[in-house]
Every structure is written in C-alpha cells, then in structure tokens.
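Trainee: These are the residues of each chain, in order.
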Amino acid sequence: MNQETLPSHLDQSPEVRARFERIRNREVILEVRGLGKRYRTPQGDTEALKGIDFSVRRREFVCVIGPSGCGKSTLIRILAGLDQHTDGEALLDGKPIKGPGQDRGMVFQGYSLFPWLTVKKNVMFGPQMNGRGRDEAEHDAMMWLDLVGLEKFADAYPHQLSGGMRQRVAIARALVNQPRILLMDEPFGALDAQTRARMQTHLIDIWKNIDITVLFITHDLDEAIYLADRILVLKAHPGEVQEVIEVPVPRPRTPGQFNSPEFRATKARLEELIHPAAEHAPEDEEDDKVKPHLIRLTDINDNVE
Amino acid sequence: MNTIANWFANSMSVDARSRTLLAIGSFLIPLLVWSLVSYVPFVWHPKVYVTDPGDVDYLQAGMLVDKPMFAEEVANMEQSQLAPPVGHPSNPIYLPAPDEVAKAFYNGFANPPTNTDVPSMPASLWHSIQIIFWGFLISSLIGVPLGILSGTYNLVGRLNEPFIEFFRYLPAPAFGALAVAILGIYDGPKIAIIVIGTLFQQVLIIANTTRKLEATIIEAARTLGTRNLKLLTKVVVPGILPDLYRDQRILLGWAWTYLIVAELIGTSSGITWFITQQARYQHFDNVYAAIMTIGIIGFGTDLVLAWLGRRLFPWDRTQDRS
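Quick mapping for you: the protein sequence lines, in order, are chains B and F.
Per the working numbering, the first sequence starts with residue 1, numbered consecutively.
Per the working numbering, the second sequence starts with residue 1, numbered consecutively.
If you are wondering where the hints come from, they were derived from the structure by calculation, not from laboratory data.
It should be emphasised that the depicted structure is a prediction, and the values quoted were computed from it without experimental measurement.
Heads up, none of these hints are tricks.
With a straight-line Cα cutoff of 30 angstroms, these simulated DSS-like cross-link-like pairs (lysine-lysine) come out: (1) Lys95(B) with Lys230(F); (2) Lys230(F) with Lys212(F); (3) Lys95(B) with Lys234(F).
Extracted from the complex, chain F is given alone in its bound form:
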C-alpha cells in the first residue's frame, strides 16, 4: 500500500531534470529493443542471408531464405558430399536495422535523387505539409467560430450539434470517391478528407470547451455593462483562448492521422506516394525513415506549439502541464 502511494506521489512531483531523463528514456527503450532485435544474432533473426550458395543450384548470394530450409539444404549437401551453402542469420527485409534507417534518413534529405520521376523525401513531405495546412485552416475557419457560437448560444448549439454528432460517425475516407467526383483528382479531395475528418470533431470539442467557461465570469462581465457581441469578443473568446489553443493542438494531431488516407485518394501524392513507391521497390529503410519523419514533424510541431502556448498565455497555469 505504502509503496504504491509513494509511487503515485513521486510520479506527480518529478522534478524537471528527472522529467527530461524519463522523456529521453521513453524514446531510448523502443530504440534499445529495436537494436537488440537487429544486432544480436540469436535474438529472433528467422532468415539466413546467403553469402555463398555452395552447390545448391537455386540459391544465389544475397538471397534471404528461411532458417529451417537453409539447415535442410546444408544437411542435404553434406550428405551428398557437396559444398554446403554459407550464410549468416538475418532479419526479414521488412525490418531494417537502426543504422540502415538512419542512413536512409540522412540520404533522403542530404542526397535527394536526381531522377525527377522518383519523388524525393523533402519534396513529398512539403506537399503533405501543404495539404495538412490547407485542410486544417479550412476546417478551423468554419469549426472554431461555429464551435464558439454553439457553446455560447444554446439555440445555435441545439440547431447544429445533433447533425454534427451524427456526421462525425461517418468515416472520412468513405467520402473519398465522392470528393474525387466533385473536386477532381489532385489536391482538392485530399484537403476535403482532412476537413471532413477534423471539422465535426472540432465543432463539438470547441463547443464543449466554450460551455466550460466559468458562468460567474460571464455574469461579472454583464454586471459591468458588457452586452451582446462584446460579451462574445471581450469575455467568451479571451476566456476560452488557452483551452481553445490546446484543443487546436490536439486537433492538428488528428488532422495528421487522416493524411495517409487522404493522400491515397485520387492521384497518390506526398509522403504517402513516397512511402508506397519505396515499399514497392522493397526499400524499407526509406519507408521507416519517411514514417519517422511524419512523427518527428508532428511531435516537433506540438512541442513548439506547447512552448508558444506558455508564452502566449502567461495567466494560464495549466499550459505548463501540457
């Protein structure tokens, strides 16, 4: 009992230094597992990388074969007094080692391909970021005002929220074909999918945040002579701004998760096209590098926004925690 209580108490009051260490640790642990599986030959390694086929006629240097099959061939050759194949344990092609991915990552940015038919990673990524930007911007331009109005005025909320509740259960990708029919095959439908995926959640979340504003604050403003539109612009909006900002951060992450589906619609583009192309040629190191870049961009953006939030809203102490 006591140790559990202590553990909870500690977990709530870790100082900044240990918090940084723990954060680094949370990234190091998966990396360690990955390295273990990649570099320690007796951990997993279900395949054998053939360096010398020996006298087995269907084997070639550079092939990956299953371990039992390789062992069988070695036994066969030894029995028939022929040269056995030589190889070393290896992981399947879809699990490259950390150093290979790191190299692919570096090459992706430092030495983009000169061939214009093959998309480079930075160019693909830039295209994806633009899709996210426009999708999230359009969604926010509609969703934020509508959410605030729904949260402030019961009438507006009652009029649109039931429909939005219904609509948000419709999976955004289901509108893919429709979006292509209406908006063509290029960026239009992709942006539309991100908007559909984000907007309806956005209205409900922001309406909810608006409703949570302390009623006393609005009443105090009214007794001080605030009326109508000024109540909205001078009290409600500034009052919810820090929470609204936090909601937007979460929703931006949401928009990223719709990206891959969105980019498969119409002509495949952006980072998704890069990933599918690279996977087709079995360049899985590039695939991992690209997936990780998405993570780094998303996580990095969020860290920057969190830092910015602390600067923008000095009165809101809850920003410190997120």
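The shape of chain B in the complex, shown without the other chains:
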C-alpha cells in the first residue's frame, strides 16, 4: 500500500461535511466533562481515566478505540452506571449519571443473557422490571425480536442459539427499554469474522431505522471505521482522549468501502495513533520479556518448509 497516494483523513467530501454539519445541529444526548477514574492499589493510585471530554449528539454513532489498558471499558461502565467516576461529570440529557438506569441500554461482550429465561422472557425482563404489565412487555418483546429477526426463536433458551443470535437477543433486550443511548462494550469481540461482519451490517440497519444513539467500544480498527460517525481514540496510562476523528467515509456504508481511499486514510491515521512505531504499550513490553526457547523435537531431516 502506497502511503503517498492516500488523501488525508481530514479531507471530507461535501456530502460528508454536510452530514457532520447536520449532526452538530442536533441536541446533545451524552456529555462527558473532565471525567476521571482513580483506583487505589497497593502500589499507589493509578489513573484509569483522566480528563475525558466529549459529547455525543442524538442518533450519532460514536466508536471508542484504544490500546488495551486505555480504560475504554471503564469509561463505558461508568456511563452505564456500573462503576463510579472519581472526577468530573457525565451527563445524560443534562442530568448527571448516578447508577444504572433504563435510559441507557448496555450490550456486553460476554453472553449476558439470563440462561434460565427463554429468548422472549429475556427481552421481556427489562419492561417487567420497570413496572410494565406482562401483556405489554410480551407485545414489545415480540416486536423487538421481530426486528432482530429472531421471532421464531422466542421460546428457545439462550444456550440453543449461536453466538451471533445471542448478541441479537442482547441488543433487542437493551433496546426494548427504549434507552436514549445504547452502550456497547466490544459486543462482537467473541464472534467469528463472518458473523461479526453480518452483525455490523445488522447493527447499522437497526440504527438507521430507530431513534437511537450508539456508543460502541471496540479494538478492531476496521469495525470502528465501518460503523462510526466519529471515533474517540484513547491512549493508555493514564487513559486520555488522544484524538477525535470524524470518519470521512460516506454513508450508506457497504463492505465494499473497506478499500476506498477515505477508509484507508482513516485506518492509517488510527494505526499511527494506536501503534506508534517507536513506543510500545507496556503490555507489549511484558510480552517481549517472554522469550521462547525452542529446541528441535523432530527428526533433523523432517522439515516442513
């Protein structure tokens, strides 16, 4: 790949520029100001997150990306209300986030479905917890299952479904509560490449058709570029916002765009940020300390190459 021929990731076509202009005119759903998280450890305080500032506007798709240990999971857990921040503030519709609530839906990486409930009852769980009647909950659940294409599996148990189907149920379960924002913590990380690609397309379809804002965590650069309007790039130790990239790849997105100049330019920029040539992340250093000591265990003439 010839770096010279690539445009800058900052170059936007007029359509893309107009789209970002439209997004900027929408109201802010999520606002994060000076957010920080300190852990007290025996070795002293560590700063998982420090001075995070960003905002997400209505129906915007924002991806968070960064090297391991940059605190991207901590960030989304704070926004979900599962962890507490130590500095700054996080506001949803102008109200500070205190604990979990049905205004934020969350999809986890692991299979977080309730194994003792059928698919339909998993989706009904949220509405019922929030005081809705059984019939109403069931009606809504079936509607959302239909939307993710799993109405035929309503009475199956999660263990009978494939990984991709389980994550579809998890998405339906989060959306049935009609949250203002959908928080997704590497939701497709455990899926195989093909299922993952299908789920990405499926997620974009859902996002296009309903009024939902998405904050999506991933470590996969292609996934971030393919899905996002903007990408929040974090760096590790302490976890800080390194850069916010407006993705210049036009919508509607198709897998064919993976080779477009805009896509490659954005990816080149992300790689520059996340894997700087000179520095190593501490995890990599740890890995470098492990030196394999290989001895020949096969016949000397029995070569594979």
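Given chain B, put chain F in place with the hints provided.
Mentor: The following block gives chain F in isolation, referenced to the frame of chain B:
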C-alpha cells in the same frame, strides 16, 4: 502414551448403553467378590461348621470353630480311636452369604415380626426417614437463605462466615450430650445433630455457589433497571438455582451420614436401633439388609432428584452430567 490418551478419550465419551452396562458392572463386581468368598469353600472360610461333634465332648452340632482347632480335634480323636467330629468349611458369623441377606431383606419387609417389642425394619426405617426429613428441612430453612445472602452481600458474608468456618470443625456428635440436656431424649436431639452436621457446611457451600454466579448477568440485570430485592429474587436466585439444587442433593447425602450417630443419642431409635438390636442377637443377615436399605434409599433418592433436576432446569446442561 497413545493407549492412555485413547483410554481417556473413551472414558469421556462413553455412549449411554455402555454407561448403563458399566454402572451395572460397578455393582456386580463387589457382589461377585462377596459370592466368591461365600460360596467357594476353599476361598477364605476360616471356620468349620460342626455337623456332628463325634466324641469331642465340648463340641455341639451347629458350632463354629477355628479350622486349626478342628483339625487338631480330628487328629486327637483318630489317635485315640474315637469318632472324629464332622463339619464343613464356613465363614465367620459376621459374614452371611448373599442369599441369606437377600432372604433377610425380603422377610424384613414381607413378614415383619408380630412382637411389638422388636422393631420391624419398615417401621425403623420410616422413623429414620422422618428424622432426616426434619433435620434437613430445618437446616435448609436457615442455611439456604443465609448462604445466598452471604454470597450476594459481602457484608453479610464477612459477618457470619468466619464464625461458621470455625463452627464447622466442631464434630456434630460432640454436641450429643448437650442436645439431650436441652431437647430431651427423644427425637429432638437427633434432629439437632443432623442440623448441626449439615447447616454450617450448607451456608458455606451455598455462599460459594452464589458467588460463582456470572458478574455480567447481575450487571446486565442492573442496566435493565433491576434494583435491590428484585436483583436477589429475579436474578441471583434463579441464576444459581440449578447449582443450588445440586448442592442440596450432596448435602442431603451428608445428612444421611450423620443419621447413625444422631440415632444413638438419647434413646436409640430408628434404623440404628434395629441394627444394634439385630447385631446383639447375632442376626447379621438382618444387619446387612438394614445397612443396604439405607444405601438403596439414599442412592435411590439421589437418582430421582437427578432425574427431577433435568426436568426442572432444562436450560442447565450440566444437570445432564450428574
């Protein structure tokens, strides 16, 4: 190396038919050994059953004497030109043959004694089952909620688990005399021993099971708007239920092992009294029959509960393995 690997692979993937066959075999092998020792005269048989005492004045028909002593008497009599004693090799009285035990087993249930002073096997057994039932029920009523609370809320766990860890090392039978002083000599202290023997293990085991519940499941429930008590009743309890059920099965077996000690406390009762009475009269066939009945009831209950578990928790595939 290869054969060992194969052997492991096979042992993990035996089909249902061979599994049944192996299960039957596991019972047949001990039975075969027992039959061998009982019915093959040259295997063991350290005694001689005297059928005719001959001229030995202290022997009687029906006596069991040691083999060397019998041989000595035969030699003595032959030397003095008197009639030697006659007998056949026999096992000690405490090892009855399988058919004798089977007969005792059948008679125990089919022809219970009419004499009311002697306990019948079914009546003794029924009394024992009641003791187990009440002991396990009382233990579970305290132990299950306390275990779940300890496992869910760190504060509750920290507050009671160190003491329970200490208490579970105190042998339950040691509280026998105390239990009698407090609860009298009848069923009270027996139930108490079963409770003491089961409860403390129960709290710790169930607390541990509760802690093993996937954290993501609780977090998912919280993000869906579940709070406080509902988190406990709608998420934690259903989430651990299959494992809790399995724990209870194991603990019930535990309760059975405390039964004999419990029944010796105060006035001896139940199957233990039956066993000690029968042993006193040297009816060892009845003793074996009674011991085996305990095994059959315990094992049978567990099989039924395992089957029930598969029906109750269709989503839990680990139930299939136990």
